[in-house]
Structures are given as C-alpha cells and as structure tokens.
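Protein chains in written order, with the working numbering: chain A, 200 to 387; chain B, 90 to 280.
The hints are simulated quantities; they were obtained by calculation from the structure and are not laboratory data.
Note that the structure is predicted; figures quoted are calculated from it, not measured.
Ideal placement from N, C-alpha and C gives every residue a C-beta, glycine not left out.
Check each hint, because a few of them may be wrong.
What the hints assert, rightly or not - Across the chosen pairs, the derived CB separations fall in these ranges:
| hint | chain 1 | residue 1 | chain 2 | residue 2 | range |
| --- | --- | --- | --- | --- | --- |
| 1 | B | E184 | A | S262 | 48 to 54 Å |
| 2 | A | P231 | B | N183 | 21 to 27 Å |
| 3 | B | H122 | A | A332 | 22 to 28 Å |
| 4 | B | D255 | A | L239 | 23 to 29 Å |
| 5 | A | I347 | B | D206 | 55 to 61 Å |
| 6 | A | S262 | B | N161 | 48 to 54 Å |
| 7 | B | H131 | A | L286 | 54 to 60 Å |
| 8 | B | H131 | A | P231 | 27 to 33 Å |
| 9 | A | L239 | B | T229 | 40 to 46 Å |
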Amino acid sequence: MAIPIKNSRNSYGLGSIALHWVMALTIIGLYPLGLYIETLDYYDPAYRTIPHWHKSIGLLLASLLIVRIFWRALTVQPAAIEQSRLLKVITHSVHMLLYVLLVIALISGYMISTADGRPIDVFNWFQVPALPAVVENQEDIAGEIHYISTTTLVSLAGLHALAALKHHFINKDQTLTRMLGMHQETRT
Amino acid sequence: MKLKSLVAGIALASTLATGAQAADYVIDTKGAHASINFRVSHLGYSWLEGRFNEFGGSFSYDAAKPAEAKINVDINPASIDSNHAERDKHLRSNEFLDVKNHPSASFESTAFMPNGDGTAVLKGNLTLRGVTKPVELAVTKIGEGDDPWGGYRAGFSATTEFQMKDFGITKNLGPASETVYMELHVEGIRQ
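All chains, please: the whole structure from these sequences, using the hints.
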C-alpha cells in the first residue's frame, strides 16, 4: 500500500517523513563536517572545498526548514502517542526545541560567513546575499553561538533518537514505525 | 589691513604662549586621518593587506628640536580587518593575535633620530600578544601647518617589519609569509 503524501490523524505521510529524514541525515552529516573545518589549515587541500560544501548544504537545509514549517502548519499533525502527561509535555518541548536550535544554528552560521558583507555561494549554483552586520566582530560572536547551538542540537537529536527507540522497544508503540511509513492504519 | 595685523598679532601671541615647549599632538583617529596597515605575503605570489581599525595615541614634535620627538600608540588588536570575516576570526584566535588573552597592543617610542632630510629612525618598544620587543621604524615627515578649521596639524608616515614568531605567533604560513610589513600614517592635531 502506497504511503499517502499528507499526514493523517494516526500517521505521517510521505511529505513529513521525507522532510524529517532528509533533514535529520543532513544535520548529522553537517555537524562533524563543521568540527572538521575547525581543524583545517589554510593550506590544506580540503580548505577550499569542505567549508564551501558545509555552507552550501546548510543553506539548502534552511530552505528545507522553511518548507517543513509551512508543511507542518498546513497539514494535520498525527495525534501524540499515548503516554503520561509529563512525558507528553517533555516530548513536545524537545520537538519545539529542536526547531528553535536549528533556526539559531542556521542563522548564526549564515552570520559568520556574511559578516564582511560577502554573499554565500551555494555550490556555485546561486548566491545568497549578505545582510548588514549587526554587531562588531560578528563572525566571532556568531561563531560561538553556532558552535553552542549545533552541539546542543545534535545532543538533543541523540536524546530524541533514544526516546524513539525506547518507544519502539520498551513501549512497543508506533512512534518509530509511523515515522518510517511502516505503520499503516487499516481503514475499514 | 588693520584687522589683518590684529589677527596676526593675536595668532603670534597665542603661538608664543603655547609654543614654547615641544608641541603635543593627538592622533586624528576621530576624523580617520590616520591608519595602521599591514601586509603579509600570500604564498609568495602577492600581498595580503589589512589594517587595525581602532587605535589612538599622541605624539610630541617640534621641528626645531626633532630629536626630542616622542610617540605613544595604543592599538586594539581585535579591530584587525583584512576584509574577510572568517580570516579576521582566525587572526583574532590564539593561533595569531590571541586577542582574548591579550586584548591590547601598543607602541612606545624610546628614541627619535632625524636623518636631516625629513626622514628619521624611530626606535621604540612594540607590545603585541603580550610580548614586548624593540622595533625600528623608518619615518618620513609628510608635512605640517595650519588646517582650514583653525587648528594646526603635522603628519608622518612610517614603515617597519617584524617576524611573527618573535611575538609568539607560532602559526607558520610558509617561508614567504613569516614577516609582517607595517605601514603607519599618522596625522596629529596640535593641542
């Protein structure tokens, strides 16, 4: 049975599933790439390519986030999995925090590279123009924020993944399967 | 005619009143008639130029007694500007200027030796990254005189060079890029 594009009250549709996993894999890939950039020497052969990829992928991720926020607003959200009231609140808070951290990470990353007014090249396909700098030595402050927000984001995503596994193996509910498109409601 | 000589008289009187000792000048950083620039070779193929945007200082200079000239300059190393945000971030890091641990830099002159042709050698101590080392600057006097706003100005330019490793910068950018060439332009407003 094909997975519908849109969400239902019980499960995620292909749109949400694809956005979730593409963005999850991108974020997990960008983080070590960012740490690697920190270690690169000026004359390292990768110095010209890795930061360029990191910025390009980051900006594409930002456009996906915009699509995702609209998608989330426009489609119905599957009902929260039944669990204690406290866990429901924590779960919802973590989900919201993941969004907030991602927004901060993307904006701060953009602000490092555009602090001098230069646009960012996205894979030499197009350029994203710079906005005027907000603070003095913006690249330093934005750099700190980028590091803290991305580290927190990836750590929280780890907790999010552990929680999904806990639901799958301990609670034996459809938390993980419905995000994998494996849980199909049987409508009669 | 009468008015002109009166004005001249007042001007002369005020000069006599204040001009007895070597004149003190404040470097005109407010009007940005001064700059501290540097260049470092990029790979040995070209020059990378940058500047320090924030600094201030004063000097004393009397054309009649040039050997008594003195200058003090304080520089904010965090204001380094090579017109590239990521590079500036790197230059402020502990691999280069380490501005977090060494938030100030300065130059204090110890001797001024005129060559008699409008140029001079200025000796002094440069403090950078917490290291103080003597440096010599080749100074050229550009000019001095009244400005259009009722003040009096004097200006100089100077060049010097030093090795990055002498100031504790261990990062080596390659044999062509170990030396920093400085070019300074100062215009002082007489106080």
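Quick rundown of the hints versus the structure:
{"no.": "1", "hint": "E184/B with S262/A: 48 to 54 Å", "in the structure": "violated (34 Å)"}
{"no.": "2", "hint": "P231/A with N183/B: 21 to 27 Å", "in the structure": "holds (23 Å)"}
{"no.": "3", "hint": "H122/B with A332/A: 22 to 28 Å", "in the structure": "holds (25 Å)"}
{"no.": "4", "hint": "D255/B with L239/A: 23 to 29 Å", "in the structure": "holds (26 Å)"}
{"no.": "5", "hint": "I347/A with D206/B: 55 to 61 Å", "in the structure": "holds (58 Å)"}
{"no.": "6", "hint": "S262/A with N161/B: 48 to 54 Å", "in the structure": "holds (53 Å)"}
{"no.": "7", "hint": "H131/B with L286/A: 54 to 60 Å", "in the structure": "holds (57 Å)"}
{"no.": "8", "hint": "H131/B with P231/A: 27 to 33 Å", "in the structure": "holds (30 Å)"}
{"no.": "9", "hint": "L239/A with T229/B: 40 to 46 Å", "in the structure": "holds (41 Å)"}
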